[in-house]
Amino acid sequence: MSALWQVLPVALRAMVPITLAALGEVFGEWAGVVNIGLEGIMTVSAFTAALASWATRNPWVGVLAGLLTGALVGLLHGFIAVRLRGNQIISGVGINLLGMGAVGFGTWALWGAKSPMLERHLWIPEVPGLGLSPFVLLTPALALLTWWLLFRTALGLRVRGVGENPMAADVVGVPVEKLRLLAVVYGGGLGGLAGAFLSLDWLHTVSATLPAGRGFIALANVVFSKLNPFLALLGGFLFGYFDALGIQLASVAGLSGGVPYQFIRMIPYAATLLVVTLAIGRARFPKALGQPYRRE
Amino acid sequence: MRAILESLLTLALGILVGAAIISLWGRNPWESYAALLQGALGNARALASTVSRSLPLVLTALTFAMGARAGLFNIGAQGQMLLGAVVALSVGLLSLPAGLQLVAALGLAGLAGALWAVPVALLKLLRGVSEVISTIMLNWVAHWLALYLVVQKLSDRVVGNRTFAVPLGMRFPSVYGELTWSLAVSLATALLLFWFLWHHGLGYEVRAVGLNPKAARAAGIRVGRALSLALLLGGVSAAWAGAIQVLGRFPYAITSDLANLGTLGFDGIAVALIGRNHPLGILGGAFFFGVLATGAARMGLKGIPLELIQIVQGVIVVAMAAPEAFRLLRGRTTKAKEGVAT
Amino acid sequence: MQSEALLSAQGITKIYADGTVALTAVDFAVRPGEVHGLLGENGAGKTTLTKILSGLLQPTAGKILWRGKPARFSSPREALRAGIGMVHQHFALVGPFTGLENIALGAEGNGLLLPMRAETIRQKLMELAEASGLRAPLDVPVEELPVGVQQRLEILKMLFRNVDLLILDEPTAVLTPQEVAELFPILRNLVRQGKSVIFITHKLREILSVTDRVTVLRRGRVVGVRETPGTSVEELAQLMVGEALGGGVRRAPRPPGPVLLRVRDLRVPGPQGRSAVEGVSFEVRSGEIFAIAGVQGNGQSELVEALVGLRPWAGEVEVLGQSLRGKSPAQIAALGLVHIPEDRQNLGLILDFHVVENSVLGGLKPFLDFLGGVRWPRATRFAQELLQRFAVQARGVRAPARSLSGGNQQKLVVGRELSKSPRILLANQPTRGLDIAATRYIRDLLVRLRDEGMAILLVSADLDEIFELADRVAVMYRGTFSGVHPVEELDREKVGLLMGGVALKEAIG
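Protein chains in written order, with our numbering: chain G, 601 to 896; chain V, 78 to 419; chain S, 70 to 578.
Just so you know, not all the hints are guaranteed correct.
[Claimed, not checked] Straight-line distance between alpha carbons at most 25 Å, and here's what the computed BS3-like set of lysine-lysine pairs gives:
1. G:K887 x G:K778
2. V:K291 x S:K272
3. S:K396 x S:K272
4. G:K826 x V:K230
5. S:K272 x V:K201
6. V:K291 x V:K230
7. V:K230 x G:K887
8. G:K887 x V:K201
9. G:K778 x G:K714
10. S:K396 x V:K291
11. S:K132 x V:K291
12. S:K563 x S:K272
13. S:K396 x S:K434
14. S:K489 x S:K434
No wet-lab data here; the hints were simulated from the structure.
Fair warning: this is a prediction, and the values are worked out from it, not measured in the lab.
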């Protein structure tokens, strides 16, 4: 039983990437764009964040690098989805594959076959006095920011308008494509932050499978949240808890009660499936979600 | 047709990006590609190896393609493939007459793949759960389940890093070099699914649902049945990919890190997209990736890692997301939404 | 009396990317302070022209003069800035947003990172509503409002942006006759304030009621410009169609036969948990056309969906004595009830299938062999026969349905359904969006079928169609029938009242 309590600090950390990536995607989906390439974004951003941090000996530069990487990949996806009016799901799948391949190639090139461990001075320092990572505090703040942007500003009104009925927005002069691109870049940037967190603040390593499906768990979180940023925060904690449970039970000897290691590792994924299945009520998603807008 | 041209252009783009990366890495891309082609097609043995590597890709691509035809994004081939491999191998534990073992292995593996697709269908139909999420979660569960079985239950007593070897009577007979009669499984499945989609009533329903579920429903087609069928058939196909990888290729076992099963499931997605979700196109796409895979081994000798292939793959998939881009490049505007001008 | 033209379009040509020629050398001018009608049948090019004028589309050739100066509107924003605003046929409203949010969108009056200036906007809207007579609730999600109110919000949206030229695309399609009567004075009021209105319609009566001048389009060309007081229904009809409009097959009164479709106390749930159909009862007999008239949104769609098995329902429905309870669409079709859907492109056809594949949609069983395989040669012959019997123009039997014109698509759907040898035909808005020739064909066909003994349930928002075809008429209002009458007892005014919910006994008294 006490194991379930011991998990809490880890759960708070696990909450971060799942929530950040989900918040970004929530913003994007309000604008009508689906990005399932979150996993790939997290993978690549984790890599560039670690690299930048190592190169400049400053973890905060690494965070910035991760953020920018995510934003750039988001821009790529946005370009394909919005400007080229391509298939948004396939683009996302491609980004995931690209991310895996690029980071696989990159880690092999830089560090050979072994996964590198980042030295301590490259990690994000904890907040003094609280023993918490600054990201854990940043995450709820970003949830608040996302909510405020979407529901308390003219920008958010336009973003939501563009996602529900782009033609209506176009008729009154709202730039549909620009807003959608902005939304996807925002989403990618948050995903990049999530990736930077993974490598610099939590797992302290880089690999092609670093997110281990967390990008998709974030997608499940988006569904759970019904596009509400605060529910995404709650969901992030819920999913993060199961993620942490899996890690904790697997790594601390004697806690698993004889259950084989591999089954413990399944917990986050099975739990995600369960949560998504039991989520009550279908959310009302923007009517134009996933559909490119053409004027004719 | 325009579709073939677009696929070829996407392949070319992928190759170019690969060449760019190789150059940046300090090697000569054309030498590298020459080595790749030499390694893949240079002689009869190499060709056999290439074809052999493309066979499971045909099957996992068919998984994605069947889903796509029904309007779904089924990315569950990876998990189904792993389970199919494990189940097929496990049949080796049963003592059955020689020919029967192989048949039983394929049968049970196919069943396992279909069963792994059942939750996806149920969740989609009963709870509206996106198949993108459910298949990925199931992939990971299957990954850990397979690891457990491989490491804890099926491992070889003597050789530490893999499962026991497939009994000789259960292996596909050889054709030439690396190529075995698992060839028949891939070809037969591709042809069968082709016939099914375009010449069977249920296949017609699957295509109708994929193109316009509302109209299909109004016409009396049972949408749930069509979606389930597409998912289940896809599951069988993916499982057979795993089965033939184990029963039809060296080392006729599964390594403890699942490495010889690799990412066949995900690779199938790119193949399906290149092949425009058409069984015949998939045969071509699979061959292309077979060339890449076989040649990569040769290229690896020159210092280019396998991950480059994954990058090429990613570029191809991303490019396939926006085939209209090519139309733009050729100066024509995108097709206007059809409709009577009023 | 000549006035300087407010807007002048010269030589406008529009050719779409796939080669469709929508407009050819169209000259069009609107004077300040006039209601200018733009008349033409479906497919003549009216919407295309106005989309070009409002910046949504670009012309292939031609120029536009606004207040005498050359202008090019490459986006709706530019047209709006110049003072041109368009209210589209399918409203450009964001469903979940309130009226206020919809109007504020794009003109929030504040920095992007700040909330909209709700009070200021509300104030201005109150003033506009007073001055124009357009009253509408501002704080209700727009998708919950009746269509007539939505339209008022759309117009307010444009007035809020100080448009000088207001374009209305088929504004009366969604209104009851009474609501139409309320709209026209509002338009004249706007004109008195110095604005101009382009009024698009295919209904001759409306042109004569509210416009000052009218431009008639046919097949993408201007065939005439008239001062409204000086023209007539006959002249306009002649211009619109290019030939004298003959009447259709005369509907001869017939004693109807046995009851084929019986509906008792039908209740159908609608969106957001409310009830769309609340206890409707009627019968349709062999050899009669029973029409359900009414403005869209009063439950007709849900009623039709329930009858064909696409929506759950409560009550009693019997076809040829057999209950429809629990039956799937396929089973209902097997019983003899077929359906021409309202939305032929999304519900009646699969646009990416070719003609043969579409012709067996819903009727595949006769073409299957014992293994379940499809006998395509047989299906192809069937499709060819269909094309011939119903005069469907298509590039070939393997042409994608997408490539057929609206009228031909509809004929394909009708032919397909009729080949199932039905006893009851449910036709939902069967001629909407079709050109005159196709409309004529379908209506004549319906009368012929009725004469041959089919029971036809016709759902239509087009009063002309109702009066031409129906034997008995029920008017649907808010989920119930506000009256069922033989067509001889009705005229447009009475139907209008019924559409507005007033039972006839009350009205006459």
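Hints, verified against the model:
1. G:K887 x G:K778: At roughly 19 Å apart (the allowed maximum being 25 Å), G:K778 and G:K887 satisfy the hint.
2. V:K291 x S:K272: violated, 32 Å
3. S:K396 x S:K272: violated, 40 Å
4. G:K826 x V:K230: violated, 42 Å
5. S:K272 x V:K201: violated, 47 Å
6. V:K291 x V:K230: violated, 48 Å
7. V:K230 x G:K887: violated, 50 Å
8. G:K887 x V:K201: holds, 20 Å
9. G:K778 x G:K714: violated, 42 Å
10. S:K396 x V:K291: Holds, at about 17 Å.
11. S:K132 x V:K291: Given pair S:K132, V:K291 is violated - Cα atoms ~42 Å apart, limit 25 Å.
12. S:K563 x S:K272: Distance ~19 Å between S:K563 and S:K272 Cα, so the pair holds.
13. S:K396 x S:K434: holds, 18 Å
14. S:K489 x S:K434: Holds - the C-alpha atoms of S:K434 and S:K489 are around 11 Å apart, at most 25 Å.
The structure fails hints 2, 3, 4, 5, 6, 7, 9, 11 (numbered hints given earlier, in ascending order).
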